[in-house]
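Enquirer: Next come the chains, spelled out residue by residue.
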Amino acid sequence: MSSIAALRPALRLVDLTVSYDRHPAVHHVSAEIPAGEMTAIVGPNGAGKSTLLKAMLGLAPRVEGRIDCAARRIAYLPQQAEIDRSFPIPVLDTVLLGRWSRFGGFKAATPADIHDARHAIEAVGLRGFERRPIDTLSVGQFQRVLFARLLLQDADLVLLDEPFAAIDAKTVADLMAVIRRWQSEQRTVVAVLHDLDQVRRDFPNSLLLARELVDCGPTGRVLSAENLLRARAMAEAWDEQADACEMPVRRSA
Amino acid sequence: MLHDIIIGPFADFGFMRRALVASLALSLSGASIGVFLILRRMTLMGDALAHSLLPGAALGFLLGGLSLPAMSLGGFVAGMATALVSGAIARFTSMREDASFAAAYLTSLALGVLIVSLRGSSIDLMNILFGAILGVDDTALYLVVGTTTLTLVGLAAIYRPLVVECFNPGFLAAMGVRGSLYHYLFLGLAVLNMVAAFQALGTLMALGLMLLPAVAASFWAREVWSMTVIAAPIAFASAALGLLLSFHAGLPSGPVIVLMASLFFLASLLLGSRASVRARLSQPVHLRG
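Chains as they are written, first to last, in the working numbering: chain A, 1 to 253; chain B, 1001 to 1289.
By construction, these hints were calculated from the structure, which means they are not laboratory data. Owing to the predicted nature of the structure, the values given are computational and were not obtained by experimental measurement. Heads up, some of the hints might be wrong.
Covered stretches of chain B, as calculated for chain A (at least 3 residues, CB under 8 Å) [said to hold, decoys possible]:
#	segment
1	1125-1136
2	1171-1181
3	1223-1237
Ranges between beta-carbon positions, derived for each pair [claimed, not checked]:
#	chain 1	residue 1	chain 2	residue 2	range
4	A	Gly46	B	Ala1279	38 to 46 Å
5	A	Asp68	B	Pro1069	29 to 37 Å
6	B	Leu1271	A	Asn45	40 to 48 Å
7	A	Asp154	B	Ala1103	44 to 52 Å
8	B	Val1277	A	Asn45	36 to 44 Å
9	A	Arg132	B	Asp1138	46 to 54 Å
10	B	Pro1069	A	Gly46	33 to 41 Å
11	B	Val1285	A	Arg62	51 to 59 Å
12	A	Arg62	B	Ala1081	26 to 34 Å
13	A	Arg132	B	Ala1279	14 to 22 Å
14	B	Arg1096	A	Glu122	52 to 60 Å
15	B	Ala1103	A	Cys245	30 to 38 Å
16	B	Leu1066	A	Val139	54 to 62 Å
All C-beta atoms in this analysis are idealised placements derived from N, C-alpha and C, irrespective of residue type, glycine included.
Work the whole structure out from these sequences, hints included.
Expert: Written out as structure tokens, the structure is:
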């Protein structure tokens, strides 16, 4: 474990608080995400996991504290509910958007981009689906499309928000293979996950969140029964009449 | 005989020719705006926006009389103000954007009718509310054709960001693009089209020639470009048929044109190739895989 600690972290959160309507969704969190590793963000519903990812992307509404990010390029997999899946756009066009940083809103995609997009579609097991509109796809197939788009983004930090919600075992296995390949290419992967068995099996690092940080580090230590119980108790204590937070609660990561 | 019915009115009367050219221009740009309004689930908001032109147009009428440039400028300013203020209200409060649009629309309608009645007769009010496509003069024609040109060029320019903003706004944000910029550019084009349509169809029905053909097209096509390609001819056919019918039967042209578009909508709803009544009732043999 000391070798991980010696590496420069991909992300360092310093006393981070993110709030909606003054209620903190993420409260005084300090933690480090190791570079080139797979880290799971775990916690009960409403614990601020998605908000934390949004903050890492720079999309959270009101952020106090600091996020140091060493990554040049960040790719982000949103929850499917954030996408209008009835929109009439074909698979190939959706995947090509992964090259946005190359052609932006106005330049044309090159034949090389299109070749890479076809390759990515094949890599996620959707060969032959290029011209299909996305509204004809199942949830699992559409998740494969989004993974193909991530492949094209060629990012050194990949943020995944519940990548396996409502997805069958075969698709999970295929997509996990993609994630492992990212890790072998020294990319940092951060995923919000609910399946603790899967986290223990596949993710060496974890960050347990219940608005405040419960623990962060090697998964075996973080996901102890005691920590999980504490996380649940903390998540249930939402105080509608909360006073202003005067004293920053500092916790060591 | 057929020549007299179909070609005659346009050959003999300049106002019919101008009306036809104006409808062609309105159809080309309005249909593409309509397709995006549907895909952005903004049809009712678009309707509210069209009504909100009224107080601006009325104010232009109060200051400049029945002058098209004054009323158009007023309408455009009022429409943009409504779009920006409703968007801002939705952003800074917890009120949903559709609710704030509805509030803005009711306020505008009342204000507009009040302003017109301060000076005009009820005929002026009818003209503003329901339009007079047969009264399209050269100035109006330039305005309409200019709007069409600007709309088609503008939509082509912002097409990709706008499409992504429609179906996955979070992705644009993650790419560091301000999606709201394209949202408001699109709303600007939409308001411009409503202003252009307003002399022809009036503020109450300006959206008719934009939305009805686009909705009809959604029963035939399932990509943005193909929906537009189908919607524009439907719009133009509705306008041409509506003009002829209103000419021969002596009916007001605006409502007849919109009703023609409604007929196309109904026919598509019944007969369209996808998600239509026909597609629902006929149960074709399922495919092998």
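Enquirer: Where does the structure disagree with the numbered hints, that is, which hint numbers, in rising order?
Expert: 1, 5, 10 and 14
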